[in-house]
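With the hints as constraints, model all of the structure from the sequences given.
Protein chains: 2
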Amino acid sequence: MELLKQRILKDGIVRPGNVLKVDSFLNHQMDIPLINEIGKEFRHRFEGVPVTRILTIEASGIGIACITAQYFNVPVVFAKKTQSLNLDSALFRTKVQSFTHNRIYDVVLSKKYLTPDDHVLLIDDFLANGNALMGLIDIVKESGATLEGAGIVIEKGFQDGGRRIRNMGVRVESLAIIDSMTEDSLTFR
Amino acid sequence: MELLKQRILKDGIVRPGNVLKVDSFLNHQMDIPLINEIGKEFRHRFEGVPVTRILTIEASGIGIACITAQYFNVPVVFAKKTQSLNLDSALFRTKVQSFTHNRIYDVVLSKKYLTPDDHVLLIDDFLANGNALMGLIDIVKESGATLEGAGIVIEKGFQDGGRRIRNMGVRVESLAIIDSMTEDSLTFR
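Sequence lines, in order, name chains A and B. Numbering that gives the first Met the number 0 applies: residue 0 is where the first sequence begins, and numbers increase by one. Numbering that gives the first Met the number 0 applies: residue 0 is where the second sequence begins, and numbers increase by one.
Worth flagging that the hints you see were computed from the coordinates, not collected in a lab. Don't take each hint at face value.
[Claimed, not checked] Simulated crosslink set (DSBU-like; lysine-lysine; CA at most 35 Å straight-line):
#1 LYS110/B x LYS94/A
#2 LYS39/B x LYS110/A
#3 LYS20/A x LYS4/B
#4 LYS111/B x LYS111/A
#5 LYS39/B x LYS4/A
#6 LYS4/B x LYS140/B
#7 LYS20/A x LYS140/A
#8 LYS110/A x LYS94/B
#9 LYS39/A x LYS39/B
#10 LYS9/B x LYS110/B
#11 LYS4/B x LYS9/A
#12 LYS111/B x LYS4/A
#13 LYS39/A x LYS110/B
#14 LYS111/B x LYS94/A
#15 LYS140/B x LYS94/B
#16 LYS9/B x LYS39/A
#17 LYS9/A x LYS94/B
#18 LYS9/A x LYS111/B
#19 LYS111/A x LYS39/B
#20 LYS9/B x LYS111/A
#21 LYS39/A x LYS20/B
#22 LYS140/B x LYS110/B
#23 LYS111/B x LYS140/A
#24 LYS20/A x LYS4/A
#25 LYS110/A x LYS20/B
#26 LYS39/B x LYS20/A
#27 LYS110/B x LYS9/A
#28 LYS39/B x LYS94/B
#29 LYS110/B x LYS140/A
#30 LYS39/B x LYS111/B
#31 LYS39/B x LYS9/A
#32 LYS110/B x LYS39/B
#33 LYS110/B x LYS4/A
#34 LYS140/B x LYS111/A
#35 LYS4/A x LYS39/A
Here you go:
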């Protein structure tokens, strides 16, 4: 997606440790017109796919998922990173190791909001080592729903997650795949 | 907002400890057409108010803020509940005690995304004791930006937050204010 790639080149900042900061437009401040274009592009990539629910994980996936859901006319469900006192006792559960925060989260989703009748599109801002996405895939499997694919805004193609998840037979559509990055240069696939 | 009140009466579940579960449409599963109506109503309530940024706090405020921002044509910025390794060192910081999770969070926002030129609308799903909203108000004050008001989806009018924050001179627009609730009945103001 050319608009997104240009924005990453203009405003993305590469930091040591393979960190790409896009917090000026994607995951701290959010450029809503850009995210609308991202939502339209996901709709285009998954044209004709029978999606009944969009599933994401808190926190930075939620806004992208909500804007995208407008183009699919389906509800969003977001997995939560710790068990909230307000959540039902009937939960799907998995564990996710966070690259960014260097810790392991319990991730839960109420069983009421994903059933065997559902066709699920996963949405997230980043795909790097794939741990968050693997957690969502675990939850979909446990629910018995049909996984239709994953829409990712930025994939770090030099990390292992995309290959690993595509090898499982999951359709992954990443709007920008970065093959290499240094503080001076950034190459898209 | 009548549509919202009807939905709370239909699908909200009251649990012991003054817990109102609205996770079937607002903060776990999200009914996007309803949230679009909520966004339009916030635009209507703050008609003519010069808003340059919508500020919310992760996680459940983010989707509502993003949908609402489409009607204001402004970016969303969301405060984060712990310091991420990816965030800039130049941060506004405050502490928020969570009623739901029974713990204290550090809440941070990059100084790049809120300046003295900004006019800020706060958006959140719930207002109860007001701790999360107070944290956001602290951040706005620290930034030197102008606080234009707060748009809240559901206010628990029998808790202290709304009164406390309105008494500070902050304009608070809550789309549904609950004056009392039990497992059998729920009364709006």
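Here's how the hints hold up against the structure:
Pair hint LYS110/B plus LYS94/A holds up; C-alpha atoms about 32 Å apart against a cutoff of 35 Å. For a cut-off of 35 Å, the pair hint linking LYS39/B to LYS110/A stands: about 31 Å separates their Cα positions. Among the hinted pairs, LYS20/A with LYS4/B is inconsistent with the structure: their alpha-carbon atoms are about 40 Å apart, more than 35 Å. A distance of roughly 40 Å separates the Cα atoms of LYS111/B and LYS111/A; the hinted pair therefore is violated under the 35 Å criterion.
Proposed proximity of LYS39/B and LYS4/A is supported: the alpha carbons are some 31 Å apart, at most 35 Å. With a C-alpha separation of about 32 Å, the suggested pairing of LYS4/B with LYS140/B holds against the 35 Å cut-off. Our distance criterion of 35 Å between C-alpha atoms is met by LYS20/A and LYS140/A, whose separation comes to about 32 Å. With a C-alpha separation of about 32 Å, the suggested pair LYS110/A and LYS94/B falls inside the 35 Å cut-off, and the hint holds.
Taking the CA atoms of LYS39/A and LYS39/B, the gap is about 21 Å. The hint holds against a cut of 35 Å. At most 35 Å may separate the alpha-carbon atoms for a hinted pair to count; LYS9/B and LYS110/B exceed this at roughly 42 Å. Proposed proximity of LYS4/B and LYS9/A is contradicted: the alpha carbons are some 44 Å apart, above 35 Å. Our distance criterion of 35 Å between C-alpha atoms is met by LYS111/B and LYS4/A, whose separation comes to about 22 Å.
This hinted pair checks out: LYS39/A and LYS110/B have alpha carbons roughly 31 Å apart, not beyond 35 Å. Of the supplied pair hints, the one linking LYS111/B and LYS94/A holds, its CA atoms being roughly 33 Å apart against a limit of 35 Å. Between LYS140/B and LYS94/B the alpha-carbon distance is near 14 Å, which keeps this suggested pair within the 35 Å criterion. At most 35 Å may separate the alpha-carbon atoms for a hinted pair to count; LYS9/B and LYS39/A meet this at roughly 32 Å.
Of the supplied pair hints, the one linking LYS9/A and LYS94/B holds, its CA atoms being roughly 33 Å apart against a limit of 35 Å. Between the alpha carbons of LYS9/A and LYS111/B the distance comes to roughly 16 Å, so the proposed pair stays at or under 35 Å and holds. At roughly 28 Å between alpha-carbon atoms, LYS111/A and LYS39/B fall within 35 Å of each other, so this suggested pair holds. Between LYS9/B and LYS111/A the alpha-carbon distance is near 16 Å, which keeps this suggested pair within the 35 Å criterion.
Taking the CA atoms of LYS39/A and LYS20/B, the gap is near 32 Å; set against the 35 Å cutoff, the hint holds. Distance hint between LYS140/B and LYS110/B is fulfilled; the C-alpha atoms sit about 12 Å from each other, no more than 35 Å. For the hint pairing LYS111/B with LYS140/A, the CA-to-CA distance comes to about 41 Å; that exceeds 35 Å, so the pair is violated. For the given pair, LYS20/A sits about 14 Å from LYS4/A by alpha-carbon distance, which is consistent with the 35 Å threshold.
Of the pairs offered as hints, the one joining LYS110/A and LYS20/B holds, with about 15 Å between alpha carbons and a cut-off of 35 Å not exceeded. In summary, the hint linking LYS39/B to LYS20/A is supported, as the alpha carbons are separated by about 32 Å, within the 35 Å threshold. At roughly 20 Å between alpha-carbon atoms, LYS110/B and LYS9/A fall within 35 Å of each other, so this suggested pair holds. For the given pair, LYS39/B sits about 31 Å from LYS94/B by alpha-carbon distance, which is consistent with the 35 Å threshold.
Taken as a hint, the LYS110/B and LYS140/A pair is broken in the structure, with Cα atoms around 41 Å apart against an allowance of 35 Å. Restraint check: the Cα-Cα separation between LYS39/B and LYS111/B comes to about 28 Å, which is no more than 35 Å; the hinted pair holds. A threshold of 35 Å between alpha carbons decides the hint, and for LYS39/B with LYS9/A the separation of about 32 Å falls inside it, so the pair holds. With a C-alpha separation of about 29 Å, the suggested pair LYS110/B and LYS39/B falls inside the 35 Å cut-off, and the hint holds.
Among the hinted pairs, LYS110/B with LYS4/A is consistent with the structure: their alpha-carbon atoms are about 25 Å apart, no more than 35 Å. Between the alpha carbons of LYS140/B and LYS111/A the distance comes to roughly 41 Å, so the proposed pair goes past 35 Å and is violated. The hinted pair formed by LYS4/A and LYS39/A meets the criterion: a straight-line CA distance of about 16 Å does not exceed 35 Å.
The structure is inconsistent with the numbered hints 3, 4, 10, 11, 23, 29 and 34, although it conforms to all the rest.
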